[in-house]
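*Asks:* Take a look at the letters that make up each chain.
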Amino acid sequence: MKSLLNVSVGIITAAFLTMGSASADIKVGMITTLSGGGAGLGIDVRDGFMLAIKQSGRSDINVVIEDDQRKPDVAVKLADKMIQSEKVDVLTGIIWSNLAMAVVPSATAQGKFYLSPNAGPSVLAGKGCHENYFNVAWQNDNIHEAAGAYADGAGYKKTFILAPNYPAGKDALVGFKRYFKGQIAGEIYTKLGQTDYAAEIAQIRAAGADSVFFFLPGGMGIAFLKQYSGSGVDLPIVGPAFSFDQGILQAVGEAALGVVNTSQWNKDLDNPTNAAFVKSFKAEYGRLPSLYASQGFDTANLLISAVAKADVNNTDAFRAALKSADFDSTRGDFSFSSNHHPIQSIYAREVIKEGDIYTNKTISVALENHSNFYTQDCKM
Amino acid sequence: MSFVLIVEQILNGLQLGVTLFLMSAGLTLIFGVMGLINLAHGSLYMVGAFAAAAVAGAFGSFILALIAALAAAAIAGAIVEISILRRLYRRDHLDQVLATFALILIFSEGTRWVFGSFPLYLDIPNYLQGPVMLPGGIQYPLYRITLIILGVLVAIFLGLLISKTRIGIKIRAGENDREMIAALGVDISKLYTMVFALGAALAGLAGALVGAIQSVEVGMGEPVLILAFVVIVIGGIGSIKGAMVGSILVGLTDTLGGVFLPKILQLFIDISTATNVGSSIASMAIYILMGAILIWRPTGLYGSRL
Amino acid sequence: MTELVLATQNITKSFGSLIACDKVSIELKAREIHAIIGPNGAGKSTLISQICGTQKPDSGRVELLGQDITSKSAKDRALAGLGRTFQISQLAMEDTVLQNVMLGSLGKTGNPWKFIKPILTINELRDQAEYALERVGLIDDIHSETGTLSHGKKRQLEVAIALTLKPKVFIMDEPMAGLGIEGSKELTLLLDNLRNEAPILLVEHDMDAVFALADKISVLDYGRVIASDSVEGIKKNPIVQRAYLGEEA
Amino acid sequence: MMSERNINLLTLSLFVMIPVWAYMADEPFTITLMTRAAIFALAAVGLNLILGIGGFVSFGHAAFFGLGGYVMGILAWHAQNYSPLLEWPLLIEGTNSMPVIWLLSIILSALLALVIGAVSLKTSGVYFIMITLAFAQMMYYFSVSWSAYGGEDGMSIYVRNEFPGLNTLDPIQFYFLCLMLLLASLWLVSSLIKSPFGLALNAARQSPQRVQAVGLDIHRLQLFAFVVSGAITGLAGALFADLNRFVSPNMFSWQLSGEFIVFIIIGGVGRLFGPVVGALVFVGLEHFLGGISDFWHIYLGVILLLIVLFSKSGLIGLIAKKGGHHD
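Chains as they are written, first to last, in my numbering: chain Z, 179 to 558; chain G, -15 to 290; chain V, 2 to 250; chain D, 41 to 367.
The set of hints was computed from the structure by calculation and includes no laboratory data. Just so it is clear, CB atoms sit at the ideal spot from N, CA and C, and this is done for glycine as well. Be careful, since some hints might not be right.
Here are the simulated DSBU-like pairs of lysine-lysine, each with C-alpha atoms no more than 30 Å apart in a straight line [said to hold, decoys possible]:
#, chain 1, residue 1, chain 2, residue 2
1, V, K73, V, K115
2, V, K109, D, K352
3, Z, K359, G, K247
4, Z, K348, G, K247
With beta-carbon atoms standing in for the labels, derived distance ranges [unchecked claim]:
#, chain 1, residue 1, chain 2, residue 2, range
5, D, K352, V, D128, 36 to 42 Å
6, V, S26, G, I248, 46 to 52 Å
7, G, I122, D, H327, 41 to 47 Å
8, Z, I530, G, G44, 48 to 54 Å
Let the sequences and hints guide you as you build the complete structure.
*Replies:* Written out as structure tokens, the structure is:
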């Protein structure tokens, strides 16, 4: 706990020797969720990010970290602080789409770079895209598109789909349907923050479906899975990684075993960067890394690669350095599409038990070198 | 819409109702006896769930976990009552709101400090796993049936406690007249602590029972708290019977509204609009219910006239 | 024949099995002081509440100047000309004495919808208030916080507020309570004068005051009028002596 | 010890001096923080009218705050996208003119308050608390599911709206605009309190029977206070949306309603400057404690507890001499 406190005290400077700096110091503002219900995601992003900074040994990258409490207005306030008071060059860290929508447009309009380690709302990929906005995680639809593709490939013909009634939930179902060719047995939008799914499960039971796709992030997903497994409905489930990731999986427990979920990363992905990342993350923080930690780690490495190539004050050169994505990602091949979102493979994983710990095993590639749907809407 | 589905949804509504009852019984009792608005009641629910998860994780026994939830919430409640809240009984409701709001902050972040930022694991025991067949070919989870029965038992227990025992007499006297009960020679502060701990224990029990089928995480108490307030206002503040009726009404409205409103709207407009509009009205349904009841009866169904 | 100002006809009110008012009919004529006496719990306050509209009678009617006001709200009865004082002081305790009385003069205008000019600078209202305070002898306490006043002074303040309303009839619920001998004397004088402005229905325990002021006395016991007569008649009435005066002696 | 009047003056001077200092020292974020404090203060000044003077604890003032925010958001969004708000029966265009947005926020919030108040003021005490909460929750869920205007994600407005003759994107200019509105609302509320209307409203809280007995309609008095109260808070919402250049359903959340109440209690219930002091202190605490640790909410909670336990009438009451209440 003590180390956690130390890390979070305001300004953090990596106290390592410089590796010879061709460029001036760069200041990074990280706004992420560190308190309240969704804190786990933010903490993982932060820890992954700081691990990469530490490993780079660079002392010319200063990171300022603040807690947005998952409130949009607080995030906006912090962005103002980062820009006006801390005078950062680059912003990053936001977990939630709605907070990203509140912060990103005005930050990029003020000439700051924004590197998204998690949220990828469709607006920021399409009509609202910006040359200074780079998404290092995924466009929101991607993981769900992969789930649709997987369900299709697995031969499901009639799927019941559900998601919370908010924009990311709608993106999820649209994304799934984009790649699923079968029939939709039923489509439900649940209340955001709902924790009892008995009514929905009853509808699934009655719908005559052969499979279920759901997108319910955070506690909603835990609740759904527990209740689903106790309901006697035993249709196969497909879901995005968010409900099956390392942090949350232990809380779901047995109910998740065998479920197939889609993700652009898994800890068993076979590349040297990933192996080293998993090992060092475990050594540093004493827990297995999550999807979010890998995204934080990749975001930092992208930044480090750009800092090594160009001075942040030379905006065009720095942007080009970012765009080239010249870093070793934990996911293997990684490049940016024309609207600055990842082109990457998305995998199907299965939840297994390793000793006492629930975790995922990669079983197949759901979508190979996948870009996103909104490139043609983006005019930079 | 089949008969089976309708019955199943009614059972779901009942089950939500009885869990809400566990929360709101304590809330309404504390308000009725001490006149305290306790926003931190949701935090006690959370404390119960976390205690249960911790004990279940360490010893693997669900029964022990439930006992731990009762005990931890009761103790947390008693500590808070003795150290802070008893100073506020004679104060304005506003001071109580601020103090218990502050307690929410302390409880939430304190819990996160102790247990970390990720949800904890708490599952239902094997012997309560899986569905059972009810008459009429209805398949329904055993655990939820157990919850309904347990909730009804607690309601009976509370009813007997208040109508038949000495403590109950004191509680009823305390509701009516604080001076009188002091004059009767009852140690009023002990009584208050007891009532508060009882309410807290019920909330903790609810947290543990619900935590097993939902997620045990920081902030889990606040949405339930709001629902519980809706319940006690509908039922009439201070009335256990009102809390019971209010819980069932809210449980049924919330569950059935979410399911049937979109279906009903589909008869009139196209499916996707119906789903959309239906689910947004459904999410407002309990508040509309509460508003309507308060317009009809400004002090709730069983509330005493002010 | 003198004009009938206020009348109740057979008003009845019960709370469960307890009958607080049982077919009570009383009359108040112009320039008259009609006292209601009776032991505690006899139903005097319930009667006043029904006349002033804070409680609705189960049956019977209340008439003011020949008009049926039984179904009117307390506010409308005040507008119709009922000026009352409360047995348990109903005052804005955090406000000053002057502010409380100006509430009365504001009520008389019937128009509280003025938002900018401070009320204390509206001379017309202030003059009326100060005049009323002078009449009840509270002018020296004009800027005191009402909550700090003695019990007796609060009674006087109640009367002052009623004065500003310039009502057609006064309803006074124990205005003398807690006043002390000197205070009672002064208030007795004031009420004696007031009867020329409007008749008074007076509930009072101070028998000296009642005997000095009343033109007519009605005695309530267990919710019923057991006697209604002149001062002399009541003094001699054996039923009254048994039911009420006898107990006090 | 200080008189309440001096505390008020001190507070006002802080609201002027801090931003001026920040401007000189080139600390624009401090100005942003002060703007936030001023807007929260404005919202709470509105609430204080019905809560402190009227005696009705509204736990749903976020309904007005959010409505004001959405008025700004919707008008500016249409102006930004050059799409008319309504084409039939008459053409209504979006706008990015602050005065127009303010006026509309005030009018619509007042109308909403009229509806909510007409229903809610029939109840009192805890029932009133809960029914106002219910209305705000309805607005919340409605905005979440209203996908045309962003639903849960809300709406981003890329440029701050315009005020004739000012550059509103300059933090200090926007700040003083907000401060002027705060001062105007303080002047309005202080006039109201001293006016005949205020006297009657104040008395209606302390002794409703008395006010009825002098022939005044307490329900109408309270309803009017509620409407003014909602309108002021609605205006604050429009400003808040402009400060963030963003609106979302969060502006309707019950936590926000709770925070408004907290501002008032911190400062002192029913005192003219109570909400102003409270908002300033709260924003300050949030800012300074936020950097201490991940668990800074614990510290905030403890400080709020201490305030409530050791001061019976807010910080102003704690500092002010007794009896300074009526100035």
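*Asks:* Take the hints in turn and mark each one as holding or not.
*Replies:* Comparing the hints with the structure gives:
no., hint, in the structure
1, K73/V / K115/V, "holds, 26 Å"
2, K109/V / K352/D, "violated, 37 Å"
3, K359/Z / K247/G, "holds, 25 Å"
4, K348/Z / K247/G, "holds, 19 Å"
5, K352/D / D128/V: 36 to 42 Å, "holds, 38 Å"
6, S26/V / I248/G: 46 to 52 Å, "violated, 59 Å"
7, I122/G / H327/D: 41 to 47 Å, "violated, 56 Å"
8, I530/Z / G44/G: 48 to 54 Å, "violated, 22 Å"
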